[in-house]
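First to last, the protein sequences are chains X and P.
Residue numbering for the first sequence follows numbering that gives the first Met the number 0, beginning at 0 and increasing consecutively.
Residue numbering for the second sequence follows numbering that gives the first Met the number 0, beginning at 0 and increasing consecutively.
Simulated from the structure, these hints should not be mistaken for laboratory data.
Treat the hints with caution; some may be incorrect.
The list treats identical chains as one, so a pair stands whether inside a single copy or across any two.
[Stated by the list, open to error] With a Cα cut of at most 25 angstroms, we get these calculated SDA-like pairs of lysine to any residue:
no.: 1; residue 1: Lys-201; residue 2: Gly-271
no.: 2; residue 1: Lys-109; residue 2: Asp-213
no.: 3; residue 1: Lys-109; residue 2: Ala-200
no.: 4; residue 1: Lys-201; residue 2: Ile-174
no.: 5; residue 1: Lys-201; residue 2: Arg-173
Number of protein chains: 2
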Amino acid sequence: MSGTVGKPIFGAIEAGGTKFVCAVGSGGDSPLLARASFPTGDNPSLLMGEVVAWLKARQAEHGPLAALGVASFGPVDLDERSSTYGFITTTPKPGWNNADIVGPLRQAFKGLPIGFDTDVNGAALGEWHWGAAQGLEDFVYLTVGTGIGGGGMARGRLLHGLVHPEMGHMGLPRIEGDDFAGACRFHGRCWEGLCAGPAIAKRAGMPAESLPPDHPAWAMTIRYMAHALVNLTCALSPRRIIIGGSVRKAGQLGEDRFFERLRIEFRSVMAGYITSPALTESGIATFIVPPSLGDNAGICGAIALAQAACGQGADRKPAG
Amino acid sequence: MSGTVGKPIFGAIEAGGTKFVCAVGSGGDSPLLARASFPTGDNPSLLMGEVVAWLKARQAEHGPLAALGVASFGPVDLDERSSTYGFITTTPKPGWNNADIVGPLRQAFKGLPIGFDTDVNGAALGEWHWGAAQGLEDFVYLTVGTGIGGGGMARGRLLHGLVHPEMGHMGLPRIEGDDFAGACRFHGRCWEGLCAGPAIAKRAGMPAESLPPDHPAWAMTIRYMAHALVNLTCALSPRRIIIGGSVRKAGQLGEDRFFERLRIEFRSVMAGYITSPALTESGIATFIVPPSLGDNAGICGAIALAQAACGQGADRKPAG
């Protein structure tokens, strides 16, 4: 068992709206020792019971866990002084309104440090340790899939605040001639309402995966994505923007082509206003990038949150 | 002289596009010991010579300065490893492209710590020490005047990054029926192109100060301001947004009415998506606020940058 070679083992939960991925492992280059996936369903306490049982069984198998990390869909309560710290708060997802995530883990693993943050901040921390954000103090991590979420770091610390960023709900300029009403039930044409998977499908009348590469919905989606990334660059001045989630795979258009076109559109929208080597024709290829950890960014991020919770594994411990 | 009572004295420069305000003082409740203003003009080295001479004369009068602080218009180079650190970089302002601000000060005051940041980060730091951002780790400070700039803190540190935030150049949704082309020479209808003083004047055909309170340009300006603040709230999750600059004084409409209407429009644009006590009908009055230091936010901020440069005066030293 891994405990014998001296590397601490962490329990990790990537809490998503469709499934909860659980894993135990040490992070970095070490392969995961175990991994399992549970449908999210509509009964949080039942699911958290399953998760706890699975983690307990892995602990029996591999030795004591040093900490737990949870990277969760949201909105979540990250205020440690709050009575609902560690809860998913006002989600429209049936059964999950005010669902306690950290509580059942604390109950089952008394005294164990537990790191808890948004899924995107978790993935950001994973990319910071082991992926595309290594060595960067200021960057943004986005997921563009069923919804759009964003996290990242400013000056070496994960972005928190009043609640946590909700980047997907920024408003964007209307592209000339576009009369699509958008798909967000709160804001219609916010970024999520224009560029998330369901928005693309609504606009095109078919899922993004089925769109031919020259379908005009791609041009629209990529142009709006560029507006959103310019807004984030103006607001946060990141040194890199990492885009995860399913939309960037771009079906028949393909991930490489999606990023190439997005970088061109970004420079067009920015119109030369902010000057930096990172935003030149050659620099932009390392400014807007996919996650190095690919679809493992989330679960690796949960391990990184566990590490941070017990003060291990970071060259420099990001606060929270 | 103040040196005799033991409080350190700082030199402060608020470097604006119209004038440079210089002061010496200890910050906080201590009144400024001296203050002077110089037209910015188009000859940076000449002006910096005047500034240095004025500071030297005040030093002879009041005793040695403990540090200097400069809060500057931009864009500026904040990367201490860069050969142009302390420069104003790509401004369209005649004479000021690649103007060295910190260099002449370093030359004249050898060995003295010099804090240098954007005008808005300076003002943010001033408000954090002595004003509307006391006790907050995450907040935004905006100036809306001839242009629009934004700074602030995330997790207790001033926002830096690739360059520094350029919040005024975010793109915003078009308000139904508005066909104004905007006034930004880079982006047309970005936030600055819609809501800065010259944009309001261009839209209305008269300066903002002359607009009657019921002029439709106010409704448009305030609605676009609300879109911008919602975008910043989505991107950064600030605990408070402080708005300085001349536009918020709102001429005949008045500052109180401007803020009241802005808060209502903010809640309308947000459409209940982010829930927090700060964003309720009662909470919003302390979420969107004018600067406590009023028009002294800039020069107080420069003193705060000087304090930070020599590690004094902060309960907790913000990194940079």
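Taking the hints in turn, this is what the structure says about them:
1. Lys-201 - Gly-271: between (33 angstroms within a copy, 24 angstroms between copies)
2. Lys-109 - Asp-213: Result: close neither inside a copy nor across copies, 55 angstroms intra and 62 angstroms inter.
3. Lys-109 - Ala-200: neither (45 angstroms within a copy, 63 angstroms between copies)
4. Lys-201 - Ile-174: Classified as both; 17 angstroms inside a copy, 23 angstroms across copies.
5. Lys-201 - Arg-173: Cα proximity of Lys-201 and Arg-173: in one copy and across copies (17 angstroms, 22 angstroms).
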